[in-house]
Amino acid sequence: MTGKPAQSAQAAQVAPVAQAAPAAQTAQVTQSAGQTKTSEPRSAALRSPHSQSPRAHAHVHVRVPYVVRRLAAFIVAALVQSAVIFAFLRMLPGDAAMVLGGTTATPEQTARLRAQMGLDRPYPVQYLSWLSDVLHGNLGVSQLSGKAVGAQVGVRMEVTLPLAVLGLAVALAIGIPLGVLAVTARSAKLRRALQICAIVAGSIPALWGGLLLVLIFGKGVGLLGVLPSQGFPSGGWRAPGRALASLALPALSIGIITGAQLLRYVRSALVDVCDTDYIAQAMVAGMTRAQAVRRVGLRLAAPQIVSVAGLAFASMMTGVVVVENLFALPGFATLLMNDLKGRDFLAVQSELLLLSLLFLVMGLVVDMLHHALDPRLKDAAGFGADADGGAAAVASAAVVSSAATGEGDEA
Amino acid sequence: MVLHVHDLVVGSSTAPIVTGVSLDVAPGERVGLVGPSGSGKSMISRAILGILPSSLHAKGSVKIGGVEVIGAPDARLADLRGRYVSAVFQNPGAALDPVHTIAHSIGLPLALHYDVDRDEMRERVLRQMDAVDLPRSLADAYPHQLSGGQRQRVAIAAALITSPRLIITDEPTTALDAVVQRDVVDLLVRLVDGLGASLLFITHDFAVLRRATTRCYVMESGRIAESGNTEALMRAPQTPVGAALVEAAEMLTLHGTASDAMKGGTVMKGGVTS
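As given, the protein sequences belong to chains Y and D, one line each in that order. The first sequence begins at 1 in UniProt numbering and counts up one residue at a time. The second sequence begins at 1 in UniProt numbering and counts up one residue at a time.
Hints are computed from structural coordinates only; laboratory data are not their basis. C-beta atoms are modelled at their ideal positions from N, C-alpha and C, and glycine is treated no differently. Mixed in with the good hints, there may be bad ones.
[Unchecked claim] Partial pick of chain D residues on the chain Y-facing surface, computed with a CB cut under 8 Å:
#	residue
1	I51
2	A78
3	S86
4	A87
5	F89
6	P98
7	V99
8	L112
9	Q145
10	A158
[Said to hold, decoys possible] Selected chain D positions facing chain Y (Cβ under 7 Å, derived; list incomplete):
#	residue
11	D24
12	R81
13	G82
14	A95
15	D97
16	P109
17	H144
18	L187
Put together the whole structure using the sequences plus the hints.
Encoded structure:
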């Protein structure tokens with residue numbers, strides 16, 4: 001570290017206390033520590049109210065591992081979401097038979113079409129049939145296009161998933177370093193400027209931000225004209241350079257806005273940590289304030305930042321619909337919106353289920369990262385952790401509902 | 001002087017918290033700073049260490065080992081902190097890094113200031129744990145797995161591992177029960193004396209102060225109200241605030257006065273034991 005004195009650890013100034021203490025004291029201390037070592041195993045030395053309580057012997061606590069509890073919650077949440085998605089879509093007016101029949105079809109023709117598509121069966125039968133197919137890896141066939149839903153989703157995810165990953169990478173690359181700088185910069189003007197930039201950039205609509213990027217960087221239309229602004233290569237990722245270039249502007253569009261929001265979040269989390277004794281203790285040990293914020297504050301704020309980044313990634317999967325339309329990308333969000341407009345309920349419900357599973361997986365990953373980042377959670381009771389999972393499920397359900405009602409269009 | 005504070009003013013842009021405080025700590029001396037809650041004691045310690053909250057600023061002069069602290073660059077202060085001057089806070093549960101082991105927390109000042117390889121670092125940390133009567137088996141435990149008294153011992157071990165010349169303790173026993181308070185104070189005094197270091201002991205409890213210091217300053221509303229020998233001040237306080245604090249220390253004594261408790265080894269409620 002800078003300013004570290006070039007002196008050996010053997011120097012008198014760093015002599016351990018035990019050496020500096022009188023010999024008799026040292027012997028006493030050593031003996032005491034030795035006795036503790038032999039008579040008190042680590043588990044007993046650790047504070048453990050349960051092990052000290054006589055009641056602890058009366059009850060046998062079977063501690064289910066966190067991962068198992070979390071996976072069980074995942075399965076329950078997925079089943080609940082599948083039921084919610086199915087029920088919610090049936091509440092919407094119209095169905096695929098009406099869309100296919102058009103306005104000229106008689107009620108009898110529509111009913112015949114409905115029977116052919118299996119839409120006249122009772123809802124519970126339809127639900128269980130769909131669920132059984134999904135569990136066997138069959139997402140069904142689009143009632144409008146006649147293509148396998150799984151194959152359609154797979155093709156579209158080749159665009160949307162990398163777009164969301166790139167968008168998140170841009171957001172993290174902007175949000176975390178600038179968020180730290182917004183707290184640690186010596187210049188108050190710079191700190192204020194970063195704060196204002198974050199507020200402005202975070203409130204720009206994706207459509208407007210995307211248009212601005214096209215006007216600056218778009219090939220053929222932009223001032224610099226360096227990046228493609230329309231479409232995705234027909235060969236897909238077989239031409240990785242072109243595929244990546246076609247996703248650059250869309251990823252910047254969503255990444256800059258999300259990054260600005262993340263910057264504000266990181267700044268806010270660090271400001272909260274900044275005046276705590278954790279930072280004071282690190283400074284007392286010999287860190288500058290900036291070092292303490294970066295090395296201790298950021299680590300303490302990491303679980304919250306991971307949560308926000310996880311949710312941002314998940315919401316990008318549906319939030320990219322505007323960007324996909326703007327840049328003419330054949331992505332998943334566009335497919336979902338088209339199927340929703342066509343009342344292709346079988347396709348929509350499978351797509352929404354996949355989306356909600358993605359949200360749940362993100363929640364699972366975030367929870368696991370929380371456990372990896374904060375050792376206190378490993379010893380904590382499972383309630384909080386389960387609550388995290390529940391929160392993720394609720395958030396996921398909310399977004400799925402918003403997508404189903406077409407609110408994503410306005411995003 | 002190890003520490004020389006002259007005309008220190010600490011406050012925000014709107015109101016001062018500490019006004020015109022001057023105090024000295026000589027080499028090897030144990031000095032107390034006592035006062036009721038809100039009198040500005042903690043802000044003085046933070047101003048001395050250069051770790052005031054960002055909303056506060058300090059004026060005047062604070063010299064640690066002859067180095068002026070007020071207005072000094074943070075890098076310069078960071079070089080002093082943890083090497084020449086160290087500190088123990090009131091609530092180690094809210095100060096020790098919760099995501100690192102206590103071995104990491106204890107060894108951090110050494111790692112930041114000296115070139116020590118991993119094996120030697122481990123050995124130094126374990127020896128330091130011996131010195132503060134912590135079982136070596138706790139080296140890889142996390143702060144939340146320890147009791148309050150064990151955490152405070154970790155904080156003391158971290159504060160003393162580089163053998164600093166000045167240790168500032170800010171209400172180090174307030175969050176502890178009576179028996180642990182006594183043990184922690186005795187441990188602190190023993191280790192500080194063993195190092196030949198100086199101690200600035202901040203507390204609101206005269207009974208604890210008497211056990212830990214030989215001279216003290218009494219604070220009231222951000223100012224030094226009186227100062228002198230701790231024993232003499234407890235016998236005959238010269239100011240209302242001094243008298244109130246001594247009276248409080250005696251009233252908190254379960255059996256007899258604070259001085260009786262100190263001499264006779266009586267357990268004190270909310271104070272110290274002997």
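Taking the hints in turn, this is what the structure says about them:
1. I51: With a closest approach of 5 Å, the I51/D hint holds.
2. A78: 5 Å, holds
3. S86: 6 Å, holds
4. A87: 5 Å, holds
5. F89: At 5 Å from the nearest chain Y Cβ, F89/D passes the 8 Å test, so the hint holds.
6. P98: Hint holds; P98/D Cβ to chain Y Cβ min 6 Å, cut 8 Å.
7. V99: At 6 Å from the nearest chain Y Cβ, V99/D passes the 8 Å test, so the hint holds.
8. L112: 4 Å, holds
9. Q145: Holds. Min distance 5 Å.
10. A158: 7 Å, holds
11. D24: 21 Å, violated
12. R81: The hint holds - R81/D has a Cβ within 7 Å of chain Y, the shortest such distance being about 5 Å.
13. G82: G82/D check passes; min Cβ-Cβ to chain Y is 3 Å, inside 7 Å.
14. A95: This interface hint holds because 4 Å falls under the 7 Å limit.
15. D97: Because about 6 Å separates D97/D from the closest Cβ in chain Y, which is inside the 7 Å limit, the hint holds.
16. P109: 4 Å, holds
17. H144: 5 Å, holds
18. L187: 10 Å, violated
Violation of the numbered hints given earlier is confined to hints 11 and 18; the remaining hints are satisfied by the structure.
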